[in-house]
Amino acid sequence: MRLASYFCDPIVAALHVKPLRRDVTSGKNMEFSISVCIPAYCQPILLTRCLDSLVLQDIQPMEVIVTDDSPDDSVAKVVETFISKLPISYFRNPKPLGSPTNWNAALSYAKSELVLLLHHDDYLACPDSLRRYADEFKMHPETDAVSSKIVTSDTTGKQTTVAGQEHLLTEVYQHPHRIVAANLIGPPSLLMLRREILPEYDPAYIWLVDLEFYLRLMESGRKFRFIDRRLVTIALHPGQVTNTLINAPIVLREHMYIAQGRDERFRSDHAIYDHYWRMLRNFRVRNLKVLEQLGIESELVPPFVKRILRWQARVPMALLRFGPFSRLYMEACFRTG
647 MRLASYFCDP IVAALHVKPL RRDVTSGKNM EFSISVCIPA YCQPILLTRC LDSLVLQDIQ
707 PMEVIVTDDS PDDSVAKVVE TFISKLPISY FRNPKPLGSP TNWNAALSYA KSELVLLLHH
767 DDYLACPDSL RRYADEFKMH PETDAVSSKI VTSDTTGKQT TVAGQEHLLT EVYQHPHRIV
827 AANLIGPPSL LMLRREILPE YDPAYIWLVD LEFYLRLMES GRKFRFIDRR LVTIALHPGQ
887 VTNTLINAPI VLREHMYIAQ GRDERFRSDH AIYDHYWRML RNFRVRNLKV LEQLGIESEL
947 VPPFVKRILR WQARVPMALL RFGPFSRLYM EACFRTG
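Numbered according to this note's numbering, the sequence shown terminates at residue 983, and the numbering increases by one at each position without gaps.
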């Protein structure tokens with residue numbers, strides 16, 4: 647089956663088809679309509695796995711939206727093979743948008759009540775994944791966002807999860823800023839939201855982009871719920887954005903950004919204080935001059951971070967990296983601040 651000529655238009659292309667499987671509930675007949683938004687970049691094999699997992703769902707989304715940042719037609723060719731299986735719309739970005747702007751582009755096309763931003767390398771883990779998300783909104787109508795169990799799988803098939811995630815999330819819901827110390831919601835693929843409350847991801851962030859998004863939602867009073875079950879598998883592989891950007895300037899700069907306007911809350915929270923203490927120590931940041939050399943202006947550094955730097959500079963790095971001493975020394979810094 648050939649695509650219409652406009653499908654490969656460099657600006658935009660869209661296809662809409664009805665679900666063909668008779669044993670599947672159409673998105674139009676569901677109590678909640680669902681949009682699955684997939685920001686894609688190359689990697690056709692991983693995209694195929696992602697779309698296959700949607701075909702297997704016992705309820706189909708009202709729409710599957712693919713926004714393509716690829717320099718070639720590898721994504722378009724994969725989408726072509728699914729146009730008879732899914733209600734799919736394809737949009738080719740005229741210029742690569744990058745993350746998270748391509749995420750925002752995909753979300754901007756959504757028309758359903760519920761929205762799932764599913765990265766092309768992740769996939770739904772079981773046939774009732776979409777139904778379980780939708781059921782949670784049905785049972786708890788006050789809910790704005792639903793996340794599920796964090797399960798990652800690497801290229802060898804090894805899977806890992808987060809022990810005690812549900813209990814730990816309770817603390818995060820009560821103290822939203824603690825999401826900065828530990829991302830217990832997980833990657834965006836795990837979170838379904840009501841479209842009516844959906845903000846944009848902030849393009850000023852790369853490393854902390856999802857955490858900053860969750861923090862804004864929680865600080866605005868949005869209600870989160872958690873399903874203690876694996877509904878989405880998060881793929882780990884060398885080509886991911888965060889794996890290619892593990893460097894001090896990005897991580898440190900974004901931690902300074904996210905602390906803006908939240909200095910007192912961060913300074914007075916033990917978990918956040920410890921997180922910043924360890925980060926500065928592990929990156930061997932000894933003073934403000936080091937941050938300036940990394941392109942981080944002194945004015946951007948919160949007062950509590952400046953205090954940590956002063957304390958850490960008083961002792962040799964070898965001693966600071968000795969765990970028992972570092973913990974006791976951090977406690978003294980925190981409690982006397």
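In case anyone wonders, no lab produced these hints; they're calculated from the structure. It is possible that some hints are incorrect.
In silico BS3-like pairs for lysine-lysine, Cα to Cα no more than 30 Å straight-line [what the hints assert, rightly or not]: (1) K731 with K795; (2) K804 with K784; (3) K784 with K795; (4) K741 with K784; (5) K795 with K741; (6) K757 with K869; (7) K804 with K757; (8) K757 with K731; (9) K869 with K795; (10) K741 with K723; (11) K784 with K731; (12) K731 with K741; (13) K869 with K784; (14) K935 with K952.
Would you mind confirming whether the straight-line C-alpha gap from K731 to K795 stays at or under 30 Å? Measuring from Cα to Cα gives roughly 28 Å; hence the hint holds.
K757 paired with K731 [C-alpha distance capped at 30 Å]: holds, 20 Å
Does the alpha-carbon distance linking K935 and K952 stay inside the 30 Å limit? Holds, at roughly 11 Å.
Does K795 sit within 30 Å of K869, going by the straight-line distance between their CA atoms? Satisfied, since the Cα-Cα distance of roughly 17 Å is no more than 30 Å.
Proposed proximity, K784 with K741 (alpha carbon, max 30 Å): violated, 39 Å
Taking only the CA atoms, is the gap from K804 to K784 under or equal to 30 Å? It is violated: about 34 Å lies between the C-alpha atoms, which goes past 30 Å.
Straight-line Cα separation of K784 and K795 no greater than 30 Å? holds, 19 Å
Verify the proposed pairing of K741 with K723, using a straight-line Cα cut of 30 Å. Holds: K741 and K723 sit about 19 Å apart, inside 30 Å.
Is the straight-line distance between the alpha-carbon of K795 and that of K741 30 Å or less? At roughly 35 Å apart (the allowed maximum being 30 Å), K741 and K795 break the hint.
Verify the proposed pairing of K731 with K741, using a straight-line Cα cut of 30 Å. Given that 30 Å is the threshold and the Cα spacing comes to 28 Å, the pair holds.
Do the alpha carbons of K804 and K757 lie within 30 Å of each other, as the hint requires? Outside the cut-off at roughly 36 Å; violated.
Is the hinted pair K757 and K869 satisfied, with a Cα-Cα distance of at most 30 Å? holds, 21 Å
Comparing the model with each earlier hint shows violations of hints 2, 4, 5, 7; every other hint is respected.
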